[in-house]
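Residue numbers (the working numbering), protein chains in the order written: chain A, 1 to 82; chain B, 1001 to 1244.
Hints are not guaranteed to be accurate.
[To be verified] Derived DSSO-like pairs (lysine-lysine); straight-line CA-CA distance at most 30 Å: (1) A:Lys-3 <-> B:Lys-1142; (2) A:Lys-69 <-> B:Lys-1068; (3) A:Lys-70 <-> B:Lys-1013; (4) B:Lys-1068 <-> A:Lys-3; (5) A:Lys-80 <-> A:Lys-70; (6) A:Lys-76 <-> B:Lys-1142; (7) A:Lys-65 <-> B:Lys-1013; (8) A:Lys-80 <-> B:Lys-1013.
Worth flagging that the hints you see were computed from the coordinates, not collected in a lab.
Values in this document were obtained by computation on a predicted structure and should not be read as measured data.
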Amino acid sequence: MKKLISFIMLMQIVVIKAIAQSSRGEVAMADVMRSNGKIYVVIAVLLTIFAALICFIIMQELRLKRIEKKLNEHIKNQNKQQ
Amino acid sequence: MENKNWIVTWWWKILTVALLLFTIVMGMMAEVPHLYILNETIRNLYFHVPMWFGMTILLFVAMIYSVKFLRSGNPEHDIKSAAFTNAGILFGICGILTGMIWAQFTWGVFWNNDPKENAAAVGLLLYFSYFVLRNSIDDLEKQARVSSVANIIFYFIFIPIIFIVPRLTDSLHPGNGGNPGFNTYDLDSNMRMIFYPAVIGWTLLGTWIANIIARTEIVYRQFQFAVNNHSTNNSAKQIDSKIK
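Go ahead and model the full structure; you've got the sequences and the hints to work with.
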């Protein structure tokens, strides 16, 4: 009887330990989000914002190039006049 | 200039966009180590950390341009130095804000007086004082010389306080105090393959921004010069006509 009780208790400890380990072994990650594909939504949003910013910076670049060209022409003309 | 191998002037801008697209897509999709507390926020490694790497590189370039200016006296070098400092500080502000958000959800508070956080804040304030100093001098030549010297000094103060001082005490940041570097959570070297392109991509973006700032400033100065010339010519003509 004593042996049986101690055996059951030992088994209990083993099982509890195993359960504890299995629940602790998983780290909460957004795996579900990736597996059902919804992460693409986040990527799409990020890419949209990024594309907008890059478009803005390229437009700024072209605008600046136009101004540089005009100014250089103006300076050239002025130098010719003098 | 036009159509003369646009790829020559645009290749690094295309590279910037390509690297950042890679960073955003792979930064979200790629497999990362499963770690406690960090969870998915480990992906911030591709966005928060490159801000500081980029800032350090941009400020280094600014410092080199300051040295070049002091050697050559070419105002273009001074303008570029200021522009790179500007872009670097922009990255620094982004870095400190993203760091605060990350800290709130992993370390518990937005600001926990971590030595590295404090050092970064001091470094940013230092560079704010650089802009105050620079913009408080009207004489362009004096402004360029004083701010170049300040830039060199500030860089050599900034680097020790951000990289050396936090290592001497306990810090929550990896790679400082008793903490291991990010080599430990970089185990699979999968992250490395995205992290390094991310650093290069963000730094190139900073370079692009600095480039636009510098060219705007150069155009502004040329414009001012042209206007001044024009007005002096006009006034000279007016004086001439009055005399006659």
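Each hint, compared with the structure:
The suggested pairing of Lys-3 of chain A with Lys-1142 of chain B is violated, with an alpha-carbon distance near 93 Å, which exceeds 30 Å. This hinted pair checks out: Lys-69 of chain A and Lys-1068 of chain B have alpha carbons roughly 27 Å apart, not beyond 30 Å. Taking the CA atoms of Lys-70 of chain A and Lys-1013 of chain B, the gap is near 24 Å; set against the 30 Å cutoff, the hint holds. For the proposed pair Lys-1068 of chain B and Lys-3 of chain A, the alpha carbon gap of about 86 Å is over 30 Å, so the pair is violated.
A distance of roughly 15 Å separates the Cα atoms of Lys-80 of chain A and Lys-70 of chain A; the hinted pair therefore holds under the 30 Å criterion. Of the supplied pair hints, the one linking Lys-76 of chain A and Lys-1142 of chain B holds, its CA atoms being roughly 29 Å apart against a limit of 30 Å. For the hint pairing Lys-65 of chain A with Lys-1013 of chain B, the CA-to-CA distance comes to about 15 Å; that is within 30 Å, so the pair holds. A hinted pair counts as satisfied when its Cα atoms are at most 30 Å apart, and Lys-80 of chain A with Lys-1013 of chain B does not qualify at roughly 36 Å.
The structure fails hints 1, 4 and 8 (numbered hints given earlier, in ascending order).
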